[in-house]
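Whenever a hint applies, use it, and build me the whole structure from the sequences.
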Amino acid sequence: MELSQRERLSELVEDLTTSGQQELNQDKIKELKKICKMSSDCIDHVYHTVMSQLNQEHSEIRLSAFQIASELFSRSHHFRTLLLDNFQDFLELTVETDSEQPLPPPKEIAKKLRSLALRTVQSWQTCYGTEYKKLALGYHFLKQVKKVDFQDAESRTIAQRRMEEERQRRMERILKGRMEAASKDMEEKYQEIKATLTEMESCMRLLLPDFGITNQIINSSPSTQTASNAYPSDDEQPRYSEDVKDDRKERRKQQKAETCQEDKKSCLKKNNSQDVSVKMKQELYEEEGVCEKRKDGNEKEEEGEGKLNNGQDPLNKNSEEDKEEDNVSLHGDLFIRNSGLISHSYSLDLNLSPGFHVKETEDNEAVISTVIDIHRLITYKHLPAVQGWVQIFIKAGAEQQLLRRALDLKKSLEAALQKHRELHIDYKTRVRKVMKASLQKREDYDDEDDDDDDEDDSDFDEVPEKEGYEPHVPEHLRAEYGLDPSPSTSAGSIPRKRSAAPPPQSSCSSFSSRQLKRLKEEEQDPTSAAATLHLLGVQTAQTSSSGPSSEQKPVDAPVVPFGLDLYYWGQEQPNAGKVIKATSQHQFWVPAEVDEEVENDNLLAESRSRYISFPGRFTPVNHFCRAPLGEGKLCQRQDRRKCPFHGSIVPRDQDGRPCREEDRLREEEEKRRKAEEQLDWRDAELMRDIEAETGEDLGSGRVAKKGKGKKKKYPNLSDLKQSDNTSRSRLEKKVFNKSAMRRVAEVMSKADRRKHDKFSNQFNYALK
Amino acid sequence: MLGFLTARQTGLDEPLRLRRAESTRRVLGLKLNPDRDLERIHGNGINTIDIEAIEGRYLLSGGADGVIVIYDLENYSGQQQYTCKAVCTVGRSSRYVHKFSVETVQWYPYDTGMFVSSSFDKTMKVWDTETLKPAEVFEFDGNVYSHHLSPIARKHSLIAVGTKNPKIQLCDMKSGSRIHVLQGHRAEVLSVQWSPRYEHILATASADSKVKVWDVRRASGSLFTLDQHNGDKSKASSEAVNTAHNGRVNGLSFTGDGLFLLTTGTDDRMRLWNSATGENTLVNYGKVCNESRKRLQFTVSHGCSPEFVFVPCGSSVAVYALHTGELVTMLRGHYNNVDCCEFHPDYQELYSGGKDCNILAWVPVLRAPDLEEETTCTIKSAAGQTAVNPAFQDAWSSDED
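In the order they appear, the protein sequences are chains A and B.
Counted the way our numbering counts, the first sequence spans residues 1 to 768.
Counted the way our numbering counts, the second sequence spans residues 769 to 1169.
Note that these hints are calculated values from the structure, not bench results.
Note that the Cβ used here is the ideal one computed from N, Cα and C, for glycine as well.
No false leads were slipped in.
The calculated SDA-like cross-link candidates involving lysine to any residue, where the alpha carbons are at most 25 Å apart (straight line), are: (1) B/K1123 with A/G129; (2) A/K147 with B/T851; (3) A/K143 with B/E807; (4) A/K147 with B/S1060; (5) B/K1123 with A/Q160; (6) B/K853 with A/H140; (7) A/K133 with B/S845; (8) B/K1055 with A/E100; (9) B/K890 with B/Y876; (10) B/K901 with B/I822.
Label pairs and their calculated CB-CB ranges: (11) A/L175 with B/G944: 52 to 60 Å; (12) A/Q168 with B/S861: 29 to 37 Å; (13) A/G397 with B/N812: 34 to 42 Å; (14) A/N86 with B/L991: 42 to 50 Å; (15) A/M748 with B/T1097: 57 to 65 Å; (16) B/S861 with A/P102: 36 to 44 Å; (17) A/N86 with B/K853: 28 to 36 Å.
This is the structure in structure tokens:
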């Protein structure tokens, strides 16, 4: 056989096997067959190359090699004898007869190779089985010993089938165990979940009772009749006049019965920002507290505004209307008594809004916080657990009863959650309330202490009430302190800034005379805060007026630190630069002559001079280095004159080439020098090793391109070494990093050594 | 061949010389023969085979599933293609069948009417071939690895039995009882073999890596223990004194004349010993793969001028020259480990059984017809060959041109 043929054959086989294709290239295989036809030497050669390719640890190579072999097997007797001589190995490499030698990755290709090989062996057996003993033996071996079912689509061996069965059995066992655990778990938790659900249910009922119950409440409580009225705004101001206009008659009746209820009602309405048709039980009892608080506020406001407003005292007005009503509706008395309605023509409109909105108030806070807790418990604990059970039961095929129970549980939990969602509980107010509560006075704390919400309370320390002067008064608390409500910075800033602007003189024009009066009264009282503040205000006014020169100062005069020169500004320094030497402290011994005072020119000069450093103005750097980097990018460093990597910064064009000719020349020169230098110490092999070890690009590819990777050699084959980008591999890369391992080992050995150093003379440590 | 024949005709050579030359040639030409087949009876691995010495016609095989089969090797059909029939079978359905794997089967050396089998079910059975019923059952307290009947014994009818127990049992077929125990080994006895030269000499191989040679007339102990270092203490570490191998010794075979003893061990070595002195002849056979935990049945050719050893070696049978240690060839045909092989001295055929349930017959290739012969019937043979074996023809399709 000629050498050229030999080479051509090797080339062809290699090309065919490393193509990565699942079908052979027809032209190439034709050429191969053509050469093989010439002599049996060629077939010998092809046989050996094919066998060596079959031994490669890559299923794609093996598949292609097998296809070549089967092409030749059907054609050449010589090839058949050669192949059958080594049929055991051939089967091992293609059909995986030896479980110790599994087919190499990639898996899908291996599977394909296996089934193809089995099919081919069967067809060979039918064609040549009688003539070639070893083929028949091999076929029987596969059939009898390996129990390969050639009819089976997957052509699995008995071992594989058994393995699969075992896996299935194991899975079943695991599932069963899990199911048992889950059912036990459910048994344990069932009561707990039920209790939680009941709790949730009762909380819900507290927040939002059933409609039937509310009707009763409406009927039983006179105050709720007014609830049908709409009060869309959440105004702080009481609108008695509007109230009266809207439902004069009912109100009259109520006022007759109980005038003090009036306040409560209005407050109640204010609380319900939207048209709440359905009253909550909660609010009924919460009214008490809210109303009382409101009353306080109202009184204050009334005090403040009484004279500014028209002075429409609601009580007065109501009493007038009472009289009117008495005259008009004497005849309807009976009807009212019977029906509770004022007139026959009266119609009651109930506006039922589609969505409920529960707003948190101080009084339902406890309930709502419980609801929040339960909600959290359900969403984060119970519901996932129940869902897990359901999944396990479905997977393991549990009994119907168990599954139904779990499903019921899940349904009721979800229903509870749904109900909670529909309530639209407003949590934000709650947070704000807590904040506010912390700022409020101690009484508020006491109130809150009654609540269950302990955890919120514990976060805030009790602060004793302050007496006397307080330099900072928050804006919203000024009224509470009886201070000027308009913001004035003077009170806070006086003690700190002497040169600040003079305090505005009672700039508030809207200061009502009443309040002024009250302030004055308070100022008479030396114990009050107002008195202290007043006193301070007078003082500051004096100090600011005593420095008229500061007002004449130019605005842009530089501010310099205070120094000796300023201390003696415009004065003769009496003893500047003189150093007084201390006389000897000795009891008897005294030096002969003592210069008590020494003039020091340096000191003198110092006391009269002042250093003013002039650093210049900072101008930000706007240019970039723009030297070309390896990856086609430009250097983005913004140095003023010199880039630490690319030398002094010169003007460059878009591609990073220097604009000036001499710069370009210099750069080229440098590059050449660098290239020469690199060869000395940068060993490409070593660097590649290091790169492979560390996984960082050190630039070995740039240094030398001598070595060609295997990947490049056969680009068509799928890459086996390609590491899977799994979380595990990523973690492995980090954890088993060499430097990390070394670091850990170092730390541990250090710890060990320290212990040894410390306790080495104690026998029980010394032994370790 | 012609030279041998003329030399024989003129009386220059002894008759033995021609015979030896021819049988050597035949042994060297052993090949897996497509014409000779044995019926597939065993559904499991074959542990042991034995060919009877009287006619050389019947082959006994014992399988890992307890089945024992007797094959008729003789081809009376007159055709080249022949499948050896199973004459009779002790199958799983028989009530006398061994419960577990049959480890050793052996014909009674003087008559095919009787054979002996031993098994992992802790019994050894002496069978009547006609009725296929055990005439005698010996029970032991451990797995029976091996037993052997002396092929030449006239004065005794002892069966040496190697079991899991380190003591070697001697069972007398005359009385049907265990009459004697040989003590000396420290681990299970994997193989026992009577000398084909002296009827009272017995060799035993054990898992304690020792091989002992006994004279059963002497009750006190073994004659000697084979030492791989030939008593050279400096080479042997203290625990390796008097060991034949550095692992379990699981194969034992005398040469046909009984002058030499061959042993194989799990240290992948085969050693040839002088059976008279116990001296290691230091023949280097190279690596002989051997992973078997049980007895390995190997055989030595008979009647060739350089003798050959056939040793199972993985999934093939290795053929070594006995005295030079040269690997002659590897007989590859089994698809799984080979456990036993037996040489047919009359036809120079080799039978081997393995875990792939096959018993393969390795038959010498027929001498190619001589040139003169061919000229007379060239056309006929050529035509006949194409007619007979179309499968051997190349089938290049025309589109390759």
